[in-house]
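Chains as they are written, first to last, in the working numbering: chain A, 1 to 361; chain B, 1001 to 1361.
It is worth saying that the hints were derived from the structure and are not from the lab.
Heads up, some of the hints might be wrong.
[Said to hold, decoys possible] Under 7 Å between C-beta atoms, here's a sample of chain A residues computed to sit facing chain B:
#1 Leu150
#2 Trp155
#3 Val255
#4 Leu274
#5 Pro289
Every residue gets a Cβ at the ideal spot worked out from N, C-alpha and C, and that includes glycine.
2 protein chains.
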Amino acid sequence: MTPPTPGRAARAPWQTPGAPAPSDAGRSVPAGVPTEPGTVRIAVDLLGGDDAPDVVVDGALRAVRADPDLHLLLVGPSEAADVVLAALDPVNRARIAVRPVRAAVRMSDHPSAARDASTVRDAVAAVRDGTADALVSAGSTGATVTAAALGLGRWPGIRHPALVATLPALTGPVVLLDVGGSLEPRAGVLARHAVLGAAYAAVAHAVDAPRVGLLSVGTEAGKGDRVRRAADPVLAAEPLPRNARYVGLVEGYDVSSGARADVVVTDGFTGNVLLKAVEGAYAMAGGPPAGGGAPRAAALLGVAGTVVVCHGAATADDVASGIALAAHLWRQRAADQVAALLAGHALKGHDHINDTEVTTP
Amino acid sequence: MTPPTPGRAARAPWQTPGAPAPSDAGRSVPAGVPTEPGTVRIAVDLLGGDDAPDVVVDGALRAVRADPDLHLLLVGPSEAADVVLAALDPVNRARIAVRPVRAAVRMSDHPSAARDASTVRDAVAAVRDGTADALVSAGSTGATVTAAALGLGRWPGIRHPALVATLPALTGPVVLLDVGGSLEPRAGVLARHAVLGAAYAAVAHAVDAPRVGLLSVGTEAGKGDRVRRAADPVLAAEPLPRNARYVGLVEGYDVSSGARADVVVTDGFTGNVLLKAVEGAYAMAGGPPAGGGAPRAAALLGVAGTVVVCHGAATADDVASGIALAAHLWRQRAADQVAALLAGHALKGHDHINDTEVTTP
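Just need the whole structure built from these sequences, with the hints factored in.
Given below as structure tokens:
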């Protein structure tokens, strides 16, 4: 049994928007037991993203219509939330709550980054105070990561939470991390990504005995830059959870194909660029493969709560997918389970705390 | 007028394999004037690549049949070269010469890396002594780069030659560099890549006023890791050849789409991973777009000669494409023209010689 984390305790539907968090007393499902479907309450940052609030409103509507057990807490201007409410019948409308932006933040007064940061902080607060189970934002990734880390707290030993994307592949899902959380990790952080990725693949995607690879420029030992050459033996020595095993170096092809690994470990710079390159290639090729394209939503691992970050240029479908991912992760208790697996696998040979960026002058 | 470089002087067909390089006296085309078609002589490393010599033999045959002005110097075991000769009629056979591997190197006696290194050194020697105009190898990239740098010499100020790949995009070709020459360049090297890439796009692909972008995780200034943040202002201040202009930061999508840049500058680690990811995505999407997929051959810029490196897992078509690229580059005198443009654009704000890798302890 893992200790409860903020945002985990309360799962009952809203009482009144802005009211105190509902008590957990009447819930019928014991904590820690995955139920899918099951009621889940997602805080949605209406002002996050390049095309907010319109695409977020549209995405929220699609998500609500697709999942009858989904409740949304819309965080942002009342006018945007009203569009959602007006589009729904009374039964579905009952699944929507609104947390208006603070009076001081008016859209016209602030540059988009400031607006993003303000609404995502309110969404984080909703998870922290138990009004929501999880949050979704298409705003600035940096602002979301910072707000979540400060508002929800980080797991022990985690300085930079990791962004995790899942790509559909022929053999099943491929978990890619990091895709933008920490751009210049040391070898020890890459080793922790391996643990996180293996746990996430098993917990969130039911991958049995995940194969974990380290992304490099060739598959033979010794291929790669200094951090990859340093990380390869560290990963090889690392105990991995859920019967995962380290398969060594993998290459760019493997992220789309899944032929060699279920989990691909890399730094946030390379992962971010690669994910967007795959998306661009699918667009060039006339569309993604039947199994789905590059994801436009990523899970944030390392903060004490369920947080999904959508691409800044997210479409309504992308926002709806991000909300569905957050609901799935909450129903699986993925964040808690991954945190417990990480805590149970103390990393050998390096210092957890020493996961700062490389600091070349 | 650029100074002649080794491998540039002689263009007449072979006399006898192993004979002294033919004199340049009777040539009808003045040096430095592009002619296409025009006779071109390519040294091909028969032992380079995972499936050598079979796919190289097959690729060489395809290349010879596709280009009536192409002559090949096959460097490798006589038995493999004999397969090529036996498959051709006497007229086409006259376009093939053979440089057998040295007696000491028998295929069964050496691991593949040693064989690669030996035959690619012989191919480099053929370019150096004027028996061939250019060389193509699908062997180890590192061995090819080292052999070419040592055997042909490097351009002034170049420590790590760059590998340059060209991707077909909607708007025209996109030049991506580096894709594996130098894995951890400093900002100054990225700035030189910008000059090289702009020159190459203009010379090799006739791109008018190339747009040059720096690959990062977002387009706003300040996005990226330390080397990207350092390089962005350096590139912005850099004079670029052929009316090229720096457009700032670009993202992974732009490599396939070409929407924002004709030249995408990155480090060799990211470029290599990205190129393979795009290839994998096209494979997943059921095949590359109509314009063509991710290239499996790259030009080596920074050595005094025309060198093309094919993917280790090259197919016969890939080898044929690599040979065709080498022929095109020689006919355009691309290496000489790019070298001249680089020499004419002294880089500001950093030291050419100081292009060592980052040396974090």
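A quick look at each hint next to the structure:
1. Given the 7 Å rule on beta carbons, the hint for Leu150/A is violated: about 21 Å separates it from the nearest Cβ of chain B.
2. Interface restraint check: Trp155/A against chain B, minimum CB-CB distance 24 Å, threshold 7 Å, status violated.
3. Annotation: Val255/A was flagged as interfacial toward chain B, and the flag holds, the nearest CB pair being 6 Å apart, inside 7 Å.
4. Interface restraint check: Leu274/A against chain B, minimum CB-CB distance 5 Å, threshold 7 Å, status holds.
5. At a threshold of 7 Å, the smallest CB-CB gap from Pro289/A to chain B is about 5 Å, leaving the interface hint in force.
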